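Asker: Sequence:
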Amino acid sequence: MFKLKKLHPPFGSEDNPLLEASYAEGEIRVVGGLCEVRLPETRERLLKTGYTDQEERPSGKAKGRR
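Each residue of the sequence shown is one higher than the one before, counting from 13 in my numbering.
If you're looking for bench data, these hints aren't it; they were derived computationally from the structure. For clarity, every value in this text was computed on a predicted model and none was experimentally measured. Errors might be hidden in some of the hints.
With beta-carbon atoms standing in for the labels, derived distance ranges [claimed, not checked]:
(1) L31 - Q66: 14 to 22 angstroms
(2) E53 - D27: 27 to 35 angstroms
(3) E48 - P22: 15 to 23 angstroms
(4) K60 - L31: 27 to 35 angstroms
(5) P52 - D27: 27 to 35 angstroms
(6) D27 - E56: 27 to 35 angstroms
(7) R57 - F23: 26 to 34 angstroms
(8) V43 - E67: 16 to 24 angstroms
(9) M13 - A33: 17 to 25 angstroms
(10) E48 - P21: 18 to 26 angstroms
(11) L31 - L59: 15 to 23 angstroms
(12) L59 - E39: 25 to 33 angstroms
(13) E48 - D27: 14 to 22 angstroms
Glycine included, each C-beta is placed from N, C-alpha and C at the ideal position.
Could you put the whole structure together from the sequences, leaning on the hints where they help?
Answerer: Pasting the structure below:
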């Protein structure tokens, strides 16, 4: 699963999501500028059309440190 963020409006809302078309995945819902895609091919296409990878935020827990 790839999480992507749209760079430019419109961003879509819960009541009125923006729909992106994908042959392999069907319609992709964009809510608040964020969407999730399953396939690398879809990710690559959306990255070329104004999306960027959504960075994973650390949970705040340091692993293995004392």
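Asker: A separate judgement is required for each hint: does it hold in the structure or not?
Answerer: Here's how the hints hold up against the structure:
1. L31 - Q66: 14 to 22 angstroms: holds (18 angstroms)
2. E53 - D27: 27 to 35 angstroms: holds (30 angstroms)
3. E48 - P22: 15 to 23 angstroms: Cβ of E48 to Cβ of P22: about 18 angstroms, so the range 15 to 23 angstroms holds.
4. K60 - L31: 27 to 35 angstroms: Cβ of K60 to Cβ of L31: about 18 angstroms, so the range 27 to 35 angstroms is violated.
5. P52 - D27: 27 to 35 angstroms: Hint holds: Cβ distance 31 angstroms, inside 27 to 35 angstroms.
6. D27 - E56: 27 to 35 angstroms: Roughly 30 angstroms apart at Cβ, these two residues keep to the hinted range, so it holds.
7. R57 - F23: 26 to 34 angstroms: For R57 and F23 the Cβ distance comes to about 19 angstroms; the hint is violated.
8. V43 - E67: 16 to 24 angstroms: About 18 angstroms separates the Cβ atoms of V43 and E67, which means 16 to 24 angstroms holds.
9. M13 - A33: 17 to 25 angstroms: holds (19 angstroms)
10. E48 - P21: 18 to 26 angstroms: About 20 angstroms separates the Cβ atoms of E48 and P21, which means 18 to 26 angstroms holds.
11. L31 - L59: 15 to 23 angstroms: Cβ of L31 to Cβ of L59: about 18 angstroms, so the range 15 to 23 angstroms holds.
12. L59 - E39: 25 to 33 angstroms: Cβ of L59 to Cβ of E39: about 18 angstroms, so the range 25 to 33 angstroms is violated.
13. E48 - D27: 14 to 22 angstroms: holds (19 angstroms)
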